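Read off the chains here:
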Amino acid sequence: MTEDVQQEGLPDGPLQEEAPWQAVAGDPSPGSRRHFVVRLVLGGLARFVCLMLAVSIVVFVLVGLSPIDPVQANVGQAAFINMSEEKRADLAHYWGKDTPLWERYIGWAGSVLAGDMGMSLRYNAPVASVIGAYAGNSLLLMALAWVASGILGFLLGIAAGMNQGRLADRLIKGYCFMLASTPAFWLGLVFLAVFAVWLGWFPFGFSVPIGVASSQVTFADTLHHLFLPAMTLSVVGVANIALHTREKTIDVMQSEYIRFALARGEGRLGALFHHGLRNLALPAITLQFAAISEIFGGSVLVEQVFSYPGLGKAAVTAGLGGDATLLVGIALFSAALVFGGNLLADIIYGIIDPRMRKRGAHGQG
Amino acid sequence: MARDDVREGTLRRESRKNTAKAGRGVAKADAGEGTAPARWARTAMLKPKALANDDFREEAAPARWARTAMLKPMALTNDDAGEGAAPPLLHRPKKLRLNNRVRTLALFVCATLALATLVVVGIYVGAEASGSDFQQKNLAPVPQHLFGTDWMGRDMFLRTVAGMSTSVLVGLFAAGASSVIALVLGLVAALGGRKADAAVSWLIDLMMGLPHIILLILVSFALGKGFWGVAIGVALTHWPGLARIVRAEVLQCRQAAYVTAASRLGQGRLRIALRHMVPQILPQFLVGLILLFPHAILHEAALTFLGFGLSPEQPAIGIILSESMNYLSAGMWWLAVFPGCALIATVLLFDGAGSGLRRLISPRSTQE
Numbered sequence: 001m002t003e004d005v006q007q008e009g010l011p012d013g014p015l016q017e018e019a020p021w022q023a024v025a026g027d028p029s030p031g032s033r034r035h036f037v038v039r040l041v042l043g044g045l046a047r048f049v050c051l052m053l054a055v056s057i058v059v060f061v062l063v064g065l066s067p068i069d070p071v072q073a074n075v076g077q078a079a080f081i082n083m084s085e086e087k088r089a090d091l092a093h094y095w096g097k098d099t100p101l102w103e104r105y106i107g108w109a110g111s112v113l114a115g116d117m118g119m120s121l122r123y124n125a126p127v128a129s130v131i132g133a134y135a136g137n138s139l140l141l142m143a144l145a146w147v148a149s150g151i152l153g154f155l156l157g158i159a160a161g162m163n164q165g166r167l168a169d170r171l172i173k174g175y176c177f178m179l180a181s182t183p184a185f186w187l188g189l190v191f192l193a194v195f196a197v198w199l200g201w202f203p204f205g206f207s208v209p210i211g212v213a214s215s216q217v218t219f220a221d222t223l224h225h226l227f228l229p230a231m232t233l234s235v236v237g238v239a240n241i242a243l244h245t246r247e248k249t250i251d252v253m254q255s256e257y258i259r260f261a262l263a264r265g266e267g268r269l270g271a272l273f274h275h276g277l278r279n280l281a282l283p284a285i286t287l288q289f290a291a292i293s294e295i296f297g298g299s300v301l302v303e304q305v306f307s308y309p310g311l312g313k314a315a316v317t318a319g320l321g322g323d324a325t326l327l328v329g330i331a332l333f334s335a336a337l338v339f340g341g342n343l344l345a346d347i348i349y350g351i352i353d354p355r356m357r358k359r360g361a362h363g364q365g
Numbered sequence: 366m367a368r369d370d371v372r373e374g375t376l377r378r379e380s381r382k383n384t385a386k387a388g389r390g391v392a393k394a395d396a397g398e399g400t401a402p403a404r405w406a407r408t409a410m411l412k413p414k415a416l417a418n419d420d421f422r423e424e425a426a427p428a429r430w431a432r433t434a435m436l437k438p439m440a441l442t443n444d445d446a447g448e449g450a451a452p453p454l455l456h457r458p459k460k461l462r463l464n465n466r467v468r469t470l471a472l473f474v475c476a477t478l479a480l481a482t483l484v485v486v487g488i489y490v491g492a493e494a495s496g497s498d499f500q501q502k503n504l505a506p507v508p509q510h511l512f513g514t515d516w517m518g519r520d521m522f523l524r525t526v527a528g529m530s531t532s533v534l535v536g537l538f539a540a541g542a543s544s545v546i547a548l549v550l551g552l553v554a555a556l557g558g559r560k561a562d563a564a565v566s567w568l569i570d571l572m573m574g575l576p577h578i579i580l581l582i583l584v585s586f587a588l589g590k591g592f593w594g595v596a597i598g599v600a601l602t603h604w605p606g607l608a609r610i611v612r613a614e615v616l617q618c619r620q621a622a623y624v625t626a627a628s629r630l631g632q633g634r635l636r637i638a639l640r641h642m643v644p645q646i647l648p649q650f651l652v653g654l655i656l657l658f659p660h661a662i663l664h665e666a667a668l669t670f671l672g673f674g675l676s677p678e679q680p681a682i683g684i685i686l687s688e689s690m691n692y693l694s695a696g697m698w699w700l701a702v703f704p705g706c707a708l709i710a711t712v713l714l715f716d717g718a719g720s721g722l723r724r725l726i727s728p729r730s731t732q733e
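These protein sequences, in sequence, are chains A and B.
The numbers in our numbering rise by one with no breaks, and the one at position 7 of the first sequence is 7.
The numbers in our numbering rise by one with no breaks, and the one at position 353 of the second sequence is 718.
Some clues are possibly wrong.
[What the hints assert, rightly or not] Examples of chain B residues toward chain A, derived with CB under 10 angstroms:
1) E493
2) K590
3) F670
4) A710
[Unchecked claim] Counterexamples of contact, computed for chain A against chain B with all Cβ distances above 12 angstroms:
5) N82
6) A89
7) Y105
8) M253
9) N342
Everything labelled a hint here was simulated from the structure, so no lab data went into it.
Computed from a predicted model, the values in this text were never measured in an experiment.
Idealized CB from N, CA, C, for every residue including glycine.
Working from the sequences, and respecting the hints, build out all of it.
Below, the structure written as structure tokens:
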């Protein structure tokens, strides 16, 4: 019964599917792609400013609520006890203990706009330079893990979707469900115990070998140290994208255009690669860019496990050590990163899928 | 198949009786006789009977009895007939299988019971878990100490159970608080007009704009760390996803005829929301609530692991794991592996309970 219906629907199915596509492919305005990107970037910029304003206010209020005494935190326990009352009051005034929160915020925001994010207490350096120094390590780690988890997850998802209900599918699905409940830091610990302690294949932590001058550290060393943390992050990151790609693959394989391609004599894999891949890639890309937030969170934990000197480790140090300025700086940086990821996802989405451009042109505002 | 034919034979004979007047139906039935699957033929033949029912009032009673008598076995053997490829008659599954709904429900109840037991036992052994015995320190897993012991001779199994109990309690608190926030904000967004919707959506975007861990660190920083820093931090940051779901559900619900009718009948917004919408979205909401637990527990463990949470003498899974880091290089793998497995098992239990409930509640998958 169902087969009959599908056979009836077959001849006009692919045509309907391809009609809007072809119409757009023959779009007369060649600059539509560029316009699309420009519009997105401008709109994104406005949203970015709004978001940054809001995030900075929220972060500032949260940090301002903290019961940590700035005088005590800044001068240290011993100096604080030996200090005279006037000196304490002086310092309290210097760190603005009696000025209201909004005044402090305006002062802080003004200097941030001037390029000064304040001094980090724990690292004894300007916040901007601390972030600059650690961001490189973190970004390298995240980028590796991000790319690896994206590709691996995508391939696993396709493999599972093509073998729906068979052993491979069940294995991949079980693996993903398992991973979704696995804390990244615990997996890092297990990897450390297995690969670093037991097998001794990889170093126990840090980003460079101990006792080697920084000028002598080779790129291979860096990669060697990067491998375990990146593997931990990407193994955990696979689950989400693999499960989504699996669902999508099943949908696509049951679609009429794939059926038509199969009817023309193409193999299953060929049909998938020639006709399904674009449709599969779209949600995967969106998902993977949206996962930047997750990967950042994961990197905080993983860096802690592997004593890897990155932003996450700096954030934890700042949070535990009462370093408010650095914490605010890192929070803003991470918000910017997440936002950038989402914006890029929108842009790439539009470049890959012409239908999005068209919709964007009509439905803006 | 043989019995099917017999049944169709009787059916056809009966329909011929009826179709003296309802001729169109017979043509269909005859067409279906040869090739089409048995099911089609049957439905085609049922139609003239239904028509005929009105025409032949006088012979209606016996005919109807006969029909109901015949319909019953048909409904029962429907599955066999649908398969087509001549399965054995009155096919009975070789293995005894429980009905899926029963199985899912049983799973749900078992998961809930297991978690409740964990909490109670954890509270009960709390004092014992921190008792140290320096004669038994650094033991690899043995039958007396299933998970081994640490450098102070504390039994890791008891510590893990006590720690998991804390985690589950924090998870309960956090999921409860987050779900209330989500429900209120979702309702406000969907019912409060355009501006409220924009405000709530923006708030959700804002919350999602920061990586979750960073947000948790900030909140716990603001509250001065400690147990409540973590508990409140986890409770305050898990609502955006659920609030989105609630908002979408309510928006859909607002289009429903019964809601329009209620509002035309002069009922207030709040009354409609509470009396007509909340019952409608409650199932989705409950499932969302249960599925919040795993996240909350994992985040609690992560935050404690980073050092923001409970103090080292309190039992907590994050503390256990972060302490184990220092002993990992000495080869004491059991300090990390077993507590972590316990954490995963707990999370999987919650996950299983939540998705089982979702399968039961959702009309689309409830018959699977």
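Evaluation of the provided hints:
1. E493: Constraint on B:E493 not satisfied, violated at 25 angstroms.
2. K590: With a closest approach of 8 angstroms, the B:K590 hint holds.
3. F670: holds, 5 angstroms
4. A710: holds, 9 angstroms
5. N82: holds, 25 angstroms
6. A89: holds, 23 angstroms
7. Y105: holds, 15 angstroms
8. M253: holds, 20 angstroms
9. N342: For A:N342, whose nearest Cβ neighbour in chain B is about 9 angstroms away, the distance does not exceed 12 angstroms, so it is violated.
The structure is inconsistent with the numbered hints 1 and 9, although it conforms to all the rest.
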